[in-house]
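Let chain X serve as the given structure and place chain U on it in line with the hints.
Line by line, the protein sequences give chains X and U. Note that our numbering gives residue 171 to position 171 of the first sequence, counting from 1, and the numbers run on in steps of one. Count along the second sequence starting at 1, add 325, and that's the number in our numbering.
Simulated from the structure, these hints should not be mistaken for laboratory data. Values in this document were obtained by computation on a predicted structure and should not be read as measured data. The reader is advised that the hints may include incorrect statements.
Derived lysine-lysine pairs resembling DSSO-like cross-links, with alpha carbons at most 27 Å apart [said to hold, decoys possible]:
| no. | chain 1 | residue 1 | chain 2 | residue 2 |
| --- | --- | --- | --- | --- |
| 1 | X | K57 | X | K88 |
| 2 | U | K370 | X | K57 |
| 3 | X | K28 | X | K57 |
| 4 | X | K88 | U | K423 |
| 5 | X | K85 | X | K17 |
| 6 | X | K28 | U | K423 |
| 7 | U | K370 | U | K406 |
| 8 | X | K17 | X | K57 |
| 9 | U | K423 | U | K370 |
| 10 | X | K17 | X | K168 |
| 11 | U | K406 | X | K57 |
| 12 | X | K168 | X | K85 |
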Amino acid sequence: MELMDRYLQAVRFALPKSQRDDIVQELKDSLLSQIEEREAVLDRRLTEDEQVDLLRKMGSPVQLASRYREQQGLIGPTVLPIYWKVLKASLGIAFLVQVLASIATAAAGRPLLVSLEPIFHYPGVALTVFAWVTLSFAALHFFGGKIQLNEAWDPRTLPPVVKLERKKSLIDSVASLVIGAIAAVWWLAGLRNPWLILGPGAAFMTFAPVWLTLYPLFVVLGIMEVLRHSLEIARPYATRAQTIARMVTRVLSLTVLAFLIRAGDTFLLTGSPRPQMQPLMTNINFSLHLGMIVVAVVLVAQLVVDAWKMLAGRGEQTHEAALGS
Amino acid sequence: MSHTVEVAANHEVLENLRLELRRGCLILAVLAELRQERYGYTLRKALADQGVEIDEGTLYPLLRRLESQGLLASEWREEDKRNKRFYHLSADGKAVLKQLTAEWKTINESLTAIL
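Chain X on its own, in the form it takes in the complex (with noise of 0.2 Å):
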């Protein structure tokens, strides 16, 4: 049966989100009466093959996903699924693209809204990408129209079944991955210009210079969080791939926080303080080198807690052939 839930999953994903639970249950109880009667006149269990024969007659995943969607306009109902997907992976791949270009902008010293710029300019740039993705279409559709996209599908070459739970909404993920490419840029541009973070204390306190040496780490722990959002988009069920790109942005994490933690005094006083002052510098330098040690116990438990769970292989099922959603 595991072939059957296979190609159960994968019509699943082609269909209308309102309609899928539904119409994979009739197929379902539609598949395995079929099965239950031609097991039944044979008196033995149904071969490999005879169950690929079996959901061959049915039509591929795509065909038959696009028989139960209206014509669309410009995009035909067999593509139809394959556009929306497309057109999703491009999207978030623009957006990745512009986000690292933020990145890229604020690591070379430019001012922050220079180097928000790329996020801005988001809404323009997703607009020329949906209008080629769907002109793309548009043209496979008129012209592709006598070509068989899935004649030679096989059963067997389906991805394998996943657990369908998402860990977190879309909306979150969507929501971590700007406010969390917009904070690495805030955090990049304000290193070189620490009034971005420190506010009206800049006007008497700094970075420690530690913090500028560690500026190459501070640019790929930004780079490798946008990426680990965009996995949560793009892959959100759960994944090993997750687990792994956590550890990393959390390994990342620990090594910047050693470096931190050495180095003792991490702000300075600035210009010409008021000698009261300098206690209160004390006391902030303090509080932060504990803060720190205790975030980085908190990340090794945390690193141990994902370590186990990898090698216990709980809950974390492969889903690199998974369609997506």
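Using the frame of chain X, we list chain U on its own:
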């Protein structure tokens, strides 16, 4: 070579015409068969027993479409320890079936005379 291409093209034209011819007939057959409540699998078998072959990939989407047009009604019920979706003609479906049957008879008589 050009003969092979021509044969393939003719076959494609014939296949398209056959599909067009069948499409309307299948809807009529499905509506008529659902005067009695059935679920998808038994409906397909009932049609096949009377010589109307229809594959699942065509039948199930067709049932959804007819239901969304208000011609069919359906409900999930348990039978043989499995949940099944039972379909039957709605009041609108009965009226449409009556009109389509009359239409079919007229076309059939005319075509028989022509052919």
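Results for each hint:
1. X:K57 to X:K88: The hint is violated at about 31 Å.
2. U:K370 to X:K57: holds, 15 Å
3. X:K28 to X:K57: Holds, at roughly 14 Å.
4. X:K88 to U:K423: violated, 46 Å
5. X:K85 to X:K17: Holds, at roughly 13 Å.
6. X:K28 to U:K423: It is violated: about 33 Å lies between the C-alpha atoms, which goes past 27 Å.
7. U:K370 to U:K406: Cα-Cα ~20 Å, so holds.
8. X:K17 to X:K57: holds, 24 Å
9. U:K423 to U:K370: holds, 23 Å
10. X:K17 to X:K168: Holds, at roughly 18 Å.
11. U:K406 to X:K57: Holds, because 26 Å separates the two Cα atoms, which is no more than 27 Å.
12. X:K168 to X:K85: Since the Cα atoms of X:K168 and X:K85 sit roughly 20 Å apart, the hinted pair holds (cutoff 27 Å).
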